[in-house]
Structure formats: C-alpha cells, structure tokens
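*Asks:* Residues per chain are reported as follows:
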Amino acid sequence: DTGVSQNPRHKITKRGQNVTFRCDPISEHNRLYWYRQTLGQGPEFLTYFQNEAQLEKSRLLSDRFSAERPKGSFSTLEIQRTEQGDSAMYLCASSPWGREYFGPGTRLLVL
Amino acid sequence: QQQVKQSPQSLIVQKGGISIINCAYENTAFDYFPWYQQFPGKGPALLIAIRPDVSEKKEGRFTISFNKSAKQFSLHIMDSQPGDSATYFCAASMVGSGAGSYQLTFGKGTKLSVIP
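So the sequences go chain by chain: A and B. Under my numbering, the first residue of the first sequence carries the number 1, and numbering increases by one thereafter. Under my numbering, the first residue of the second sequence carries the number 112, and numbering increases by one thereafter.
Keep in mind that the hints were calculated from the coordinates and are not lab data. Take the hints with a grain of salt, since some may be wrong.
Said to hold, decoys possible - Some, not all, of what chain A presents toward chain B, calculated at C-beta under 8 Å:
hint : residue
1    : Y33
2    : Q41
3    : P43
4    : F45
5    : E52
6    : L55
7    : P96
8    : G98
9    : R99
Idealized CB from N, CA, C, for every residue including glycine.
Chain A extracted, bound-state conformation (with noise of 0.2 Å):
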C-alpha cells in the first residue's frame, strides 16, 4: 500500500498522560501536514513540514503539541498532559504539491 499510514488508528488515554502519534506520508512527498477533526466538523489545520522543517503551525497547536518530521520523512505529533477537548481524530497527509492525500486518522479519545 503506497498510501500515507498512520498509527496507532485508535487511541484511549487518561486525562494527564501524554501520547504520541506516527505518520508515515506517501514516499517522496516533501510536503505533510497534521489536521484535527472534531465530530461533526470538517479537518482544522494543525501544523505544517516541508521536508523536516516546520514552517507553518495553527494557533490551534498549543505549547502542549508538538510535531517532529525527522529527516523529512515520518512525523510524530506528540499530546502532553492530554484534555479531555483533545478527544478528535488526528489527520495526516501528505502533498508534492497542492493535492493532499490524507490517511486513515487516528481517533484519540481521553478519559
């Protein structure tokens, strides 16, 4: 499968722990993205990389996430001491350019 994959694609975490999330975009893709999904709303920009450089973030990332893409190749988006408002699915994707192809997600949910 030569889509963007992400793992783990669930996740149930108490109030106060940290986790951490792994994309691995569609090989040579310079571009990856993370988006947050809330029910019932559409994707909300999160952060961007070019290669390993993030060069864009949301104000939607607080100084509770951050985001790595360590030799522009997979990402990691970590949480810490996780909210209960952090309940969302957890988007990837990844772009050459323009078109975005998105993975399957990964729905967090905290207790």
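Given the coordinates of chain A, assemble chain B onto it according to the supplied hints.
*Replies:* Chain B only, in chain A's frame:
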C-alpha cells in the same frame, strides 16, 4: 471566524437524483477549491477540484460550478447512487504564489444519504 461556509448540513436524495451542495468563501486570496469525500472511519479523499479561472469542471458524475463574483462554488452529483452516501467537505486554499503551506480551510461538511 468561519472562512468557508457549507450548506446544507445534511441531504437526502433518491437514487438517480441530483445532489447539490453549496459553499461560500470570504477570503478572495483563495485560488484552489477542492471537494473531499469522507466515509466513516476513513480520511478525506479528493473528489474534484477547481481553480477560479474556469466556471465549471466536470469529472464523471461530479461537477463543480464556480462563481467568482459571488464567492460561491457548488458540487453537483448526477445520478446519485447509494454508494455515494458519505460526508462531503468543500475546502479552499491559496496556491497561486507557489510559496506557503497550501493549507486547506474546510467547510463543516454535508452528510449525504442516497436512498434506493
């Protein structure tokens, strides 16, 4: 502040009918307007997209109509099928300068149900 407004929130269409979903945008710098289809438990998948230099684009049963002066665009699904039942999102982005993230701004989505 919602930059892309989508309607209706839900839509029920009979098999073979035409499904129409509308979007309006505020930011005149947007120059790329895609529509995404999302099934439960899946990520959004690109259906069709348009740039503002054309007023209509058709791909199979899917057509985008674009009205630049009104800042509106719509998706028409002809001969709707039960397999089209999904949530549809319009989106907008700025790609014209060749720089920047091309991040997408999405509408809130339309849940389409096509009944046999």
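*Asks:* If a hint holds in the structure, say so; if it doesn't, say that too.
*Replies:* Verification of the supplied hints:
1. Y33: Given a least distance of 7 Å, the restraint on Y33/A holds.
2. Q41: holds, 6 Å
3. P43: With a closest approach of 5 Å, the P43/A hint holds.
4. F45: holds, 4 Å
5. E52: Interface hint status for E52/A: violated (15 Å vs cutoff 8 Å).
6. L55: OK, holds: L55/A within 8 Å of chain B, min 6 Å.
7. P96: Violated, because the Cβ-Cβ distance from P96/A to chain B comes to roughly 11 Å (cut-off 8 Å).
8. G98: With a closest approach of 5 Å, the G98/A hint holds.
9. R99: The hint holds - R99/A has a Cβ within 8 Å of chain B, the shortest such distance being about 6 Å.
When the structure is compared with the earlier hints, violations turn up for hints 5 and 7 and for no others.
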